[in-house]
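Chemist: Sequence:
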Amino acid sequence: MPIVPSVVVWRILLSACKLHENLALAEIVTTKLLEFDPSNSGNYVLLSNTYAGSGRWDDAGRIRELMEESSVQKPSGWSSIEGNGVSPNTFQGITSYLNQR
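Count along the sequence shown from 1, then add 39; that gives the number in the numbering used here.
Don't take each hint at face value.
[Said to hold, decoys possible] In silico DSS-like links for lysine-lysine, alpha-carbon gap of 30 Å or less:
id: 1; residue 1: K71; residue 2: K113
id: 2; residue 1: K71; residue 2: K57
id: 3; residue 1: K57; residue 2: K113
Since the hints were made in silico from the structure, they are not lab data. Given the structure is predicted, the values throughout are model-derived calculations rather than measurements.
Make a model of the complete structure from these sequences and hints.
Modeler: Next up, the structure:
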């Protein structure tokens, strides 16, 4: 490669591996990503999802176990909803919003 790839370039390549189900390259790319940033949960999750998308559930589980062994935690997901022209910043929380309805 004529340039030294950054973490972003490696992640984009890993995403392309998932899209095209190229597991061999995904494993190589993940190895490189873990050299740069071993505590980033996204690297593990993307490889795990690549395996799962190809039906390799044992390998997907193995990657999730590796995350636990390495004390890498995936941050909780969250979503915001805008309804009736009300900004999500107006809500104190989805539960209080639903209770108002």
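Chemist: Hint by hint, note whether the structure agrees.
Modeler: Checked hints:
A hinted pair counts as satisfied when its Cα atoms are at most 30 Å apart, and K71 with K113 qualifies at roughly 19 Å. A threshold of 30 Å between alpha carbons decides the hint, and for K71 with K57 the separation of about 16 Å falls inside it, so the pair holds. For the hint linking K57 to K113, the alpha-carbon distance of about 19 Å falls within 30 Å, and the restraint holds.
In summary, the structure agrees with every hint in the numbered list given earlier.
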